[in-house]
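Protein chains: 2
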Amino acid sequence: MSLKVSPLAPHSYPDMPPIAGVSLGAIEAGIKYKGRKDLAVIRFSEPAIVAGVFTRSKCPSAPIDWCRKHLQRGKASAVVINSGNANAFTGKKGAEAVAISADAAAHVFNCAPESVFLASTGVIGEPLNAEGFREHLARLNPMLSEDGWANAARAIMTTDTYPKMATQSFQIAGKRFSVNGIAKGSGMIQPDLGTMLAFVVTDFPADHSQLQTCLNEAVEPSFNSITVDSDTSTSDTVLLFSAPEPASSVGSLPDNALDMFRTALSEVMLELAMLTVRDGEGASKLIEVTVSGAEDDQSAKRIAFSIANSPLIKTAIAGEDANWGRVVMAVGKAGEPADRDRLNIYFGDVRVAFAGERDPGYSEAAASAVVKRQEVPIRVELGLGDGHAKVWTCDLTHDYIAINADYRS
Amino acid sequence: MSLKVSPLAPHSYPDMPPIAGVSLGAIEAGIKYKGRKDLAVIRFSEPAIVAGVFTRSKCPSAPIDWCRKHLQRGKASAVVINSGNANAFTGKKGAEAVAISADAAAHVFNCAPESVFLASTGVIGEPLNAEGFREHLARLNPMLSEDGWANAARAIMTTDTYPKMATQSFQIAGKRFSVNGIAKGSGMIQPDLGTMLAFVVTDFPADHSQLQTCLNEAVEPSFNSITVDSDTSTSDTVLLFSAPEPASSVGSLPDNALDMFRTALSEVMLELAMLTVRDGEGASKLIEVTVSGAEDDQSAKRIAFSIANSPLIKTAIAGEDANWGRVVMAVGKAGEPADRDRLNIYFGDVRVAFAGERDPGYSEAAASAVVKRQEVPIRVELGLGDGHAKVWTCDLTHDYIAINADYRS
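Protein sequence lines correspond, in order, to chains P and U.
For the first sequence, position 276 matches number 276 in this note's numbering, and the numbering has no gaps at all.
For the second sequence, position 287 matches number 287 in this note's numbering, and the numbering has no gaps at all.
Everything labelled a hint here was simulated from the structure, so no lab data went into it.
Among the hints, erroneous ones may be present.
[Said to hold, decoys possible] Covered stretches of chain U, as calculated for chain P (at least 3 residues, CB under 8 Å):
id : stretch
1  : 55-63
2  : 92-105
3  : 122-131
4  : 225-234
5  : 307-316
6  : 335-347
7  : 392-401
[Stated by the list, open to error] Derived DSS-like pairs: lysine-lysine, alpha-carbon spacing no greater than 27 Å straight-line:
id : chain 1 : residue 1 : chain 2 : residue 2
8  : U       : 75        : U       : 34
9  : P       : 4         : P       : 58
10 : P       : 32        : U       : 372
11 : P       : 372       : U       : 372
12 : P       : 58        : P       : 75
13 : P       : 58        : P       : 37
14 : U       : 372       : U       : 93
15 : P       : 372       : P       : 390
16 : P       : 58        : U       : 32
17 : U       : 58        : U       : 34
18 : P       : 390       : U       : 372
19 : P       : 69        : P       : 34
Beta carbons: idealized from backbone N, C-alpha and C, even for Gly.
Generate the whole structure from the sequences, applying the supplied hints.
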């Protein structure tokens with residue numbers, strides 16, 4: 001089936017600055033889709049430092065097992081990503097396909113198999129045939145280039161309707177550093193303390209432990225704060241690579257250098273997450289849910305997700321119905337501390353509920369005007385403590401059903 | 001909007017045997033709907049013993065507050081139920097509407113307001129105007145009758161497409177006892193250890209504590225094992241009344257009498273729960289999810305609900321796509337102990353996955369044949385322990401979106 005581009009798609013894509021020693025590309029490997037590229041590569045001319053976070057699913061894919069195992073070494077020469085097949089729940093055959101893929105890349109790129117990182121996205125449970133990968137990678141190798149970001153971002157799409165790219169740069173002592181990221185994701189999106197497929201590369205010279213710490217911090221308010229459909233993938237992966245110029249190190253930079261990197265990384269991660277939720281399957285509106293006054297931040301986040309995952313709220317927004325009573329319902333069912341009689345609810349700047357009942361100045365017209373927007377902010381004040389959270393989701397439309405009732409067949 | 005009757009509706013309704021001293025009826029009070037009855041009454045000529053379970057929502061409706069408070073007394077003279085307005089999140093006005101309703105019923109039925117039990121279902125957050133209830137109840141009073149079960153069951157419907165009734169009878173020492181129940185519910189259904197609106201009446205002479213214990217037991221495998229959309233209502237209520245013949249008591253019955261009652265009650269509760277999920281908003285298929293081999297029953301139930309609430313699984317079933325990989329996903333995301341490599345999955349009797357990968361004898365045709373049925377059994381074996389659970393849900397179709405994108409407006 002051919003999908004129309006999300007109405008929430010960005011109007012333009014960023015120019016991704018080249019990062020020295022990092023080349024990318026993609027090729028048609030015929031894994032599932034016809035007439036489009038489905039095998040992408042990120043190649044590091046010198047081994048890059050790597051950090052990663054992965055799905056907490058109890059049924060992780062074979063590539064996740066592989067990446068977790070080799071992340072300890074913390075060095076990457078290449079990343080090979082395919083779409084059309086998740087290589088998840090594929091047992092021994094899955095592990096074999098992973099080994100074949102890594103061996104193929106090691107041969108073509110002249111590196112150790114353990115320095116090849118792998119990710120797969122697509123159907124769960126179908127064996128992945130990787131026998132042809134060596135030939136495909138050999139054909140792709142001479143085509144890899146420093147400006148291949150968009151090619152790679154397109155090749156990893158499944159039900160995505162647009163490629164997802166983000167970049168931030170900063171200068172330290174006259175030297176410019178960049179953080180470039182690509183991601184994919186549209187359905188099966190509620191990354192659970194891991195995330196969807198995303199690959200972020202920087203020339204900032206951090207060590208493994210710094211990279212991993214910065215990544216863990218950046219994941220929480222970005223990918224771990226979005227949901228399309230409450231479903232968590234078997235394949236969620238974020239890999240962050242540092243590919244600095246030879247002989248550069250964070251030790252030679254000023255004290256605030258790591259902070260500048262951390263800020264740039266957070267921006268890129270948030271932008272990739274927002275691009276993902278804006279491409280939520282069938283999305284017609286972006287919903288931003290803010291919860292304040294909760295007992296603590298974790299409680300606020302659970303309540304925010306209870307709202308963001310409620311099919312009744314998501315369908316109401318799709319129908320441009322300011323049915324704020326369903327927000328009350330979602331707060332009530334979250335299983336977190338809440339006092340009905342202190343609850344305030346806002347749609348945009350319109351206070352619709354105050355102190356446990358409909359706002360005395362409630363205006364259906366004013367509330368309706370907010371839900372007619374393409375971006376709908378919903379805010380809940382609990383009045384209990386200082387806990388705060390913000391999460392994003394999209395509405396639930398007929399197109400979600402259409403996409404998912406016949407995705408596999 | 002007018003809803004087509006669920007294809008999972010029962011082909012006929014049971015004949016509800018009269019229960020001596022219990023009369024029912026309904027009347028058009030014009031609360032929200034036009035041209036249909038929306039105010040129902042169950043009247044006990046002698047005060048009935050009552051037990052109840054209610055939503056665990058942190059934002060319970062005003063009638064829930066009222067019932068919780070007066071359940072302690074354990075005696076009921078009448079139940080007044082309205083549809084079209086949930087009287088939830090209505091603050092002081094809600095509490096006033098409840099008091100007005102109880103006073104009106106007390107006046108008309110010549111009883112104490114505290115012996116009037118109340119339930120409301122419909123839109124959340126709109127004040128309920130109960131000023132007219134006294135006049136409506138006075139008109140209704142002479143029309144109450146022992147065979148008014150279907151009338152009452154119809155009057156409490158909202159987006160329900162058919163009335164929900166169930167009955168069981170049993171004989172003890174030549175005396176016949178009955179358990180009659182009515183319920184409503186179609187959307188906002190994942191009763192959280194409370195349940196949806198359901199009213200069950202028996203002439204079995206149990207005391208308050210026996211009734212409450214039997215009810216608590218019966219709720220768990222029935223209403224607490226169904227979900228339509230993972231959303232938990234502010235108004236979920238089950239009330240169970242014992243209206244025995246005067247001077248009868250459980251003490252005068254044989255030892256196994258309470259067990260016979262418990263069995264009949266469980267049957268009635270399960271049937272009402274199944275009728276509710278079969279009328280799930282937009283449902284075209286009934287899905288039965290069985291999880292075995294979990295660490296314990298609670299863990300099994302969480303995994304079963306993770307499957308039953310996955311929009312990706314529910315849309316796949318709607319599309320008759322045997323996409324069992326999504327079952328793997330839902331097991332993985334449940335946050336409960338699971339070992340990917342021991343997992344077996346069945347669609348009906350067809351084993352689709354075995355020991356962590358696609359079944360060696362997997363047949364797409366055989367799996368597809370199961371999901372083409374109107375009732376689709378999904379079974380997961382975890383291979384960890386003895387934990388077992390069974391829950392029911394329906395599929396997620398375009399009609400769910402259509403119903404909920406414009407329910408309130």
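Now the hints, each set against the structure:
no. : hint          : result
1   : 55-63         : holds (count 6)
2   : 92-105        : holds (count 3)
3   : 122-131       : holds (count 5)
4   : 225-234       : holds (count 6)
5   : 307-316       : holds (count 6)
6   : 335-347       : holds (count 8)
7   : 392-401       : holds (count 5)
8   : U/75 - U/34   : violated (34 Å)
9   : P/4 - P/58    : violated (33 Å)
10  : P/32 - U/372  : holds (25 Å)
11  : P/372 - U/372 : violated (38 Å)
12  : P/58 - P/75   : holds (26 Å)
13  : P/58 - P/37   : violated (30 Å)
14  : U/372 - U/93  : violated (49 Å)
15  : P/372 - P/390 : holds (21 Å)
16  : P/58 - U/32   : violated (47 Å)
17  : U/58 - U/34   : violated (32 Å)
18  : P/390 - U/372 : violated (41 Å)
19  : P/69 - P/34   : violated (33 Å)
The structure is inconsistent with the numbered hints 8, 9, 11, 13, 14, 16, 17, 18, 19, although it conforms to all the rest.
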